[in-house]
Amino acid sequence: MTTETAPVRLLLIALAVLFLAVFLILPVVVVFSEALRKGLSIYLATFADPDAQAAIRLTLLVAAIAVPLNTVFGIAASWAIAKFEFAGKSLLITLIDLPFSISPVISGLIYVLLFGAQGYFGPWLTAHGIQIIFALPGIVLATVFVTFPFVARQLIPLMQEQGSADEEAALTLGASGIRAFLTTTLPNISWGLLYGVLLCNARAMGEFGAVSVVSGHISGLTNTIPLEVELLYNGYDFVAAFAVASLLTLLALVTLAAKTLLEMRYGDSLATPTRA
Amino acid sequence: MHLKQPSVLPGFGLALGFSLFYLGVIVMLPLAALVAAAAGLGLGGICSVAIEPRTLAALRTSFGLAFAAAIADSMLGLLVAWVLTRYQFPGRRLLDAAIDLPFALPTAVAGIALATLYAPNGWIGAILGGFGLKIAFAPAGIFVALVFVALPFTVRPVQPLIAEIDRAAEEASSTLGASRWQTVRYVILPTLSPALLTGLALAFARSVSEYGSVIFIAGNLPYVSEIAPVLIVIKLQEFDYRGATAIAVIMLTLAFLILLAINLIQASSRRRHGYG
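Going down the list, the protein sequences come from chains F and Z. Mapping of the first sequence onto our numbering: position 167 corresponds to residue 167, and the numbering continues sequentially without gaps. Add 1000 to a position in the second sequence, counting from 1, and you land on the number used in our numbering.
This is chain Z alone, in the form it adopts within the complex (with noise of 0.2 angstroms):
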């Protein structure tokens, strides 16, 4: 058994010792402080936190709306994917890049911009209003700035199979009597499922990790807008380590169970399509 397959290639040991290095540095060392935070706090320092009120509050509200996001994104997503893939019409290639906005733009931007666009005064929300919705400074505004920062990671990783989708199957359902829907139910999405899924937990992670586009839309309101990283910066505020690091080990121990189920399906998606 060999750690390392034998190879001509030069720098094995350079590169993965510096890379080695800097990850530990970087990543590792300040991850490890947190786990030693953690630890000093122990299961029942963390919990006496997680149990308070308003921790209860804000991780119901950051968990709860990022998950509504992330479905309503994946909704959306398919749409917009299907759409710009299946269909030609002007100015294709110019939304097609502009799916990328809300991660080329930084997060502050796309609050203040979202918080001025749907404020009741706003472009927007007047429109809204004049029905009676109230978006900015309420829960709504916060599920409206994750919807906006999540979108490309529900339409990205969906494009590519969309343009994979063999046509051959489509005809053959068509040929023996499928209705268009019938085949979109049980030929097409079935094959964009993995996909779909994919796109649902990356969402999830990047809405329910978002602070900067939300802080300006949500009003911030303790127990009824104010989402988890809100609450971190406020006990950091307030030099409450030990509460800090309790809510950001849970959040943390989440994350890292999101990114390990997202692997699960991109493993299980690959082995059943041959490809990710």
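Looking at chain F on its own, in the form it has when it is part of the complex (with noise of 0.2 angstroms):
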């Protein structure tokens, strides 16, 4: 008997089906609902206001910038780690994942006390007329933050695994070091960090807690579609707001669709990332 009897096994499966329909899945069906309340027309109306489509640039540019850099530097650091014996290497790995443990509001705070008008670089950077905090380069820097472990952390146990068998095969074949690099390394970790990619991206878009710290929340400016959803909702604009929260759920949906299909074909070679 190594199964539990057919009563407890419908038992437990109807338990588990009840808790994740009402407790994962409806959340998602109440936006969508909320948004839709008042019909299509009115929904569809949220989008063309001015401050809306102005969050919408904003989280694309801030996206567009924080998710390469991060891509860069994943890829980098998992070349490092993962191809190369030093010392000091599970220090590195652990500094890496810092901002995972770290709560977004603590995120955006460290880079008030840097830049700041009263931080550290405050009175120099007001001196010269820069302006760090409240504006576009305080938020991709609180981006940059909070989602700077997702390609690194998907990369180094995949490089890891692979081993350097194939670069050194390229290179005893006379490949230059960049050819060996993008011949065997890339076309071997394209999928994972495709899918690196994808959650740091999605992370980036959403991200609410250190973005909303160093934001001025000027509606049209400084506001990215998280802070326009909580600005809205907070004016009790609700239809607004579930209108536009709608785009952040789709990008939802979407990740987490072409994540189930990527692990679906290379299972093996994906590891979530919530197995720390």
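What the hints contain is simulated information worked out from the structure, not anything from laboratory work. We put the CB at the ideal spot given by N, CA and C, even for glycine. Incorrect hints may have been included.
Unchecked claim - Per label pair, the in silico range of CB-to-CB distance: (1) I1127(Z) with T260(F): 27 to 35 angstroms; (2) T260(F) with L1014(Z): 29 to 37 angstroms; (3) L15(F) with A1050(Z): 38 to 46 angstroms.
If you follow the hints, you should be able to join the two separate chains into one complex; please do so.
Here it is as structure tokens:
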């Protein structure tokens, strides 16, 4: 007897399915139901609003800066960590993971301490007319910080598992270092890389706490999509809040679908980032 | 004693150099600003903020509810992981993909969706209100939001271990006369316990730092339903950088201890079972 009796099995399945449906699925349903409460035309009208459009543009811009930066870092860090043996490696891995364990609010706070008006570089920045906090650079920095580990976290175990035999063979056959990387390493890690970039992007576009601390909350100027959601919701404009939120929900669903497809096809080579 | 073992692969200096530079600028420098600000406050300064009744209440709310949510998630996570891994039923794949929803859904979106669902006039809030239960705008609402955001962290580490359980050990236990419950209790649960502990610690770390999904449902009443990250934001809005820094340092110290504990747990589980 290496399984439960049929009634126990059915009870456990029913409990788990009911819990997941009510607890995980219903919040997604409520986003779209609230967004479409007053009909499709009102829903669509939300996106004609200049402030909503500005928030969407800002979010796209921030992600377009933060994601490539962290992707380049992820590839460099995983190359050094996975292909070489050196002292202090596990300390380096722990430090890369650090942003995961820091509250988003604290992630914003540390940049305020550094670049805020009363921060360490504040007087110098003010004297030179440079604004970082309550402006685009602060939002980008906070986003880069919170999404820092995503690509590296995905690539390090993958490249460690693959070892260096392929690259060594390429070098022995006369390839240059760059060529060995482009023709052996990159194809080997491409799906893991895509997966890491997807997760990094989803978090970059959806980050709320850290960005909330460093943004000036000026609608049309320094409000990203999540901040615009908060502003609309706190202004009791629920339909517009959920309409804007539905964009991020769609992004989350697309990310999940892509993630599931990648895992089904390349399951063995992709580790789930929640397995820290 | 060599700092780096020799390798034929190129690019070590460039990859590690860039990684360390980027890590230094994005992560270490801002964290150094926090450490410097904390050093400026001194232990006395931090303690004087820590023992303010409102700070103590917020820390108690944050850590108490995060621990409660992590415990609840560990049990729910075990149930869900078991059902999704061991049983076949229609919709299993879809539900398995949905586990990552709280991970992919931006916290502000989760926050307004949960607040709407569990509000007294919401789909779930209205039903529970009939039984005299108040969820939204009370500490119970914080608990619900934390259980939501931390659920993937308790399901994902357990799933691969359930899949890898040695069926022969289960059969042996059954052949030797153990009831199914005894097999679960004495054969299966001990195998899963390292992963359950890892999940518990990850869920706790995530819950304690959560901001976006909590603020909409919490009501944020001082001394009642105010979490520590909210207090940091309030102090920053009052330009009380010292107070914000002190609370951040207290939270960060605890977060770092948790990360350390996770690594120790994983190391010991690897030694015992040969895998993480």
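Range hint 29 to 37 angstroms: satisfied by the CB atoms of T260(F) and L1014(Z)?
holds (36 angstroms)
Given a hint of 38 to 46 angstroms, does the C-beta separation of L15(F) and A1050(Z) actually sit inside it?
holds (41 angstroms)
Using the C-beta atoms of I1127(Z) and T260(F), is the stated range 27 to 35 angstroms upheld?
holds (31 angstroms)
Figure legend: structure checked against the earlier numbered hints; every hint is met.
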